[in-house]
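Student: Next come the chains, spelled out residue by residue.
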Amino acid sequence: MTIKHHPPEEFLAGFAAGRLDQAEHIVIAAHVSMCARCRRFVGAFERFGGTVLETVKPAALAAGAFEAVMARIDGGEAAPTAPAVARPRRADDTGLPKVLDLYEIGRVRRIAPGLSMRPIVIPGGGKSRAFLLRSEPGSRMLEHTHTETELTCVLEGSFSHEGGYFGPGDFDIGDNTIEHRPVVGADMPCVCLVAMSGKLRINGFLGRLIEPFIRL
Amino acid sequence: MAVLLQRRILGHGGRSGSLAKRWPRVKERPEIAVDWVGLISEIALRRDRGAYRRLFEFFAPRIKGYLMRTGTSEAEAEEIAQEAMITLWRKADKFDPATSGAVAWIFTITRNLRIDALRKGRRTERVLQDVEAEYRPEPVESTETAYSRSQEAGHVELALQRLSAQQSEIIRLSFLEERPHSEIAELLGIPLGTVKSRIRLAMNRLRELLDASK
Chain W
46 MTIKHHPPEE FLAGFAAGRL DQAEHIVIAA HVSMCARCRR FVGAFERFGG
96 TVLETVKPAA LAAGAFEAVM ARIDGGEAAP TAPAVARPRR ADDTGLPKVL
146 DLYEIGRVRR IAPGLSMRPI VIPGGGKSRA FLLRSEPGSR MLEHTHTETE
196 LTCVLEGSFS HEGGYFGPGD FDIGDNTIEH RPVVGADMPC VCLVAMSGKL
246 RINGFLGRLI EPFIRL
Chain A
13 MAVLLQRRIL GHGGRSGSLA KRWPRVKERP EIAVDWVGLI SEIALRRDRG
63 AYRRLFEFFA PRIKGYLMRT GTSEAEAEEI AQEAMITLWR KADKFDPATS
113 GAVAWIFTIT RNLRIDALRK GRRTERVLQD VEAEYRPEPV ESTETAYSRS
163 QEAGHVELAL QRLSAQQSEI IRLSFLEERP HSEIAELLGI PLGTVKSRIR
213 LAMNRLRELL DASK
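Protein sequence lines correspond, in order, to chains W and A.
So the first sequence is numbered by my numbering: it starts at 46 and just counts up by one.
So the second sequence is numbered by my numbering: it starts at 13 and just counts up by one.
One or more of the hints may lead you astray.
List time: in silico DSS-like cross-link candidates among lysine-lysine, alpha-carbon distance up to 27 Å [said to hold, decoys possible]:
#	chain 1	residue 1	chain 2	residue 2
1	A	K208	W	K102
2	W	K143	A	K132
3	W	K49	A	K106
4	A	K106	W	K143
5	A	K132	A	K103
6	A	K106	W	K172
7	W	K172	W	K143
8	A	K208	W	K172
9	W	K143	A	K103
10	A	K103	W	K102
11	W	K102	W	K172
Label-pair ranges, simulated between beta-carbon atoms [unchecked claim]:
#	chain 1	residue 1	chain 2	residue 2	range
12	W	T47	A	D105	49 to 55 Å
13	A	L199	W	G140	24 to 30 Å
14	W	D146	A	S85	40 to 46 Å
15	W	E201	A	R58	46 to 52 Å
16	W	M233	A	S85	25 to 31 Å
17	W	G151	A	R58	47 to 53 Å
18	W	V153	A	A45	55 to 61 Å
19	W	E201	A	E190	34 to 40 Å
20	A	V49	W	R154	31 to 37 Å
21	W	R154	A	S209	38 to 44 Å
22	A	R65	W	R154	54 to 60 Å
23	W	G209	A	R58	52 to 58 Å
Simulated from the structure, these hints should not be mistaken for lab results.
From a predicted model like this one, the values you see are computed outputs, not experimental measurements.
Ideal Cβ placement from N, Cα and C applies to all residues, glycine included.
Just chain W, with the same shape it has in the complex (with noise of 0.2 Å):
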């Protein structure tokens, strides 16, 4: 898998420093999963967050802190297990990537012939909501832009516009100053993992995503 599209660096450091967006979050883990190059990048950044931890002006504990720990740790206080994660799998989950085992998926929504998505469920929500976006063999987009940032790793199958080719792994962004006409790789569908940020009603978004789609 040869992947030549990447984040920005700004996106792969907000995740490093643990400052994204949830539905951002997922799809920047989602590409640094498939990523060498990006595992790095964050891998550096994590490193130089320590030595911020290091270097940074402490602030005095509690009095009683070291105490109250180790009671707790003494008193076997319930460690924390790990989640029992209950989400429903579909048969044809089998390519997703291993952050989506966190998270619920909803049931498959029809947005126009041929295209369809899966919102995933982010408990307590946030700024973007993000979903997986399946398009048939050969879909077009009319171009369109976005009134906001739209962030895209396509997981399986590719799609082409004027920025390039992007298949799996590859990662895609777009926002206001953008057009965009994606043309959908004609030998199987395309399964993308999207987070889209705006202040637009699901409703009004469906809408808006209908509209600039056409099967060819």
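Mind docking chain A on chain W? Use the hints.
Tutor: Chain A in isolation, oriented as in the chain W frame:
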């Protein structure tokens, strides 16, 4: 296993004066050379409380200080710092010195607990989420040897050292201390546009250095 500890005099008290002094550049390591990895393995191997106490005394206040610096309330910073230290005790045997340095590992523990706290604050029902697993989504490839991982760590360390002081500073202020660009501009006495371009250049430079050290 004999663990060698070299400890010089701690040089931390009484920082004052200019901001630059209070927030030393990342390259200026603290005047201390403690074998953190050795201390962590003492905990892993024999639950050594003396080793733990030393880690606690150094890191707990720094974790709290770091969190407060990024806008976490004092009460929450205290709670996360304690949680982080408990996690350190419990996961000491999972720490792999070949993969990341001790301080990077402690940083990731802190970061993950902070993310978890932020998410907990938002959600109405309690849903457990394994933040750590989100950062380690794939198992380490079995063909990867400890040697190649430590070599990789060496490359990364070298790349970080080759960043200029100015580049390290802008990365720290922007991404780790999470200061808004306007505040960084004021702090460094440079225009807002320069802050943005410096961040971009620093990011490019880091990527370049990491790509070059293959």
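Student: Please go over all the hints and tell whether each is borne out by the structure.
Tutor: Status of the hints after comparison with the structure:
1. A/K208 x W/K102: Holds, at roughly 26 Å.
2. W/K143 x A/K132: Distance ~22 Å between W/K143 and A/K132 Cα, so the pair holds.
3. W/K49 x A/K106: 33 Å, violated
4. A/K106 x W/K143: 20 Å, holds
5. A/K132 x A/K103: 22 Å, holds
6. A/K106 x W/K172: 34 Å, violated
7. W/K172 x W/K143: 23 Å, holds
8. A/K208 x W/K172: OK: A/K208 and W/K172 at ~23 Å, within 27 Å.
9. W/K143 x A/K103: 22 Å, holds
10. A/K103 x W/K102: Holds, at roughly 26 Å.
11. W/K102 x W/K172: 32 Å, violated
12. W/T47 x A/D105: 49 to 55 Å: 37 Å, violated
13. A/L199 x W/G140: 24 to 30 Å: 46 Å, violated
14. W/D146 x A/S85: 40 to 46 Å: Hint violated: Cβ distance 32 Å, outside 40 to 46 Å.
15. W/E201 x A/R58: 46 to 52 Å: 48 Å, holds
16. W/M233 x A/S85: 25 to 31 Å: Since the Cβ atoms of W/M233 and A/S85 sit about 50 Å apart, the hinted range of 25 to 31 Å is violated.
17. W/G151 x A/R58: 47 to 53 Å: Since W/G151 and A/R58 have Cβ atoms about 48 Å apart, the given range 47 to 53 Å holds.
18. W/V153 x A/A45: 55 to 61 Å: Taking Cβ atoms as reference, W/V153 and A/A45 lie about 57 Å apart, which means the hint holds.
19. W/E201 x A/E190: 34 to 40 Å: 35 Å, holds
20. A/V49 x W/R154: 31 to 37 Å: The hinted range 31 to 37 Å is violated for A/V49 and W/R154, with Cβ atoms some 50 Å apart.
21. W/R154 x A/S209: 38 to 44 Å: 42 Å, holds
22. A/R65 x W/R154: 54 to 60 Å: 55 Å, holds
23. W/G209 x A/R58: 52 to 58 Å: Since the Cβ atoms of W/G209 and A/R58 sit about 55 Å apart, the hinted range of 52 to 58 Å holds.
Of the numbered hints listed earlier, those contradicted by the structure are 3, 6, 11, 12, 13, 14, 16 and 20.
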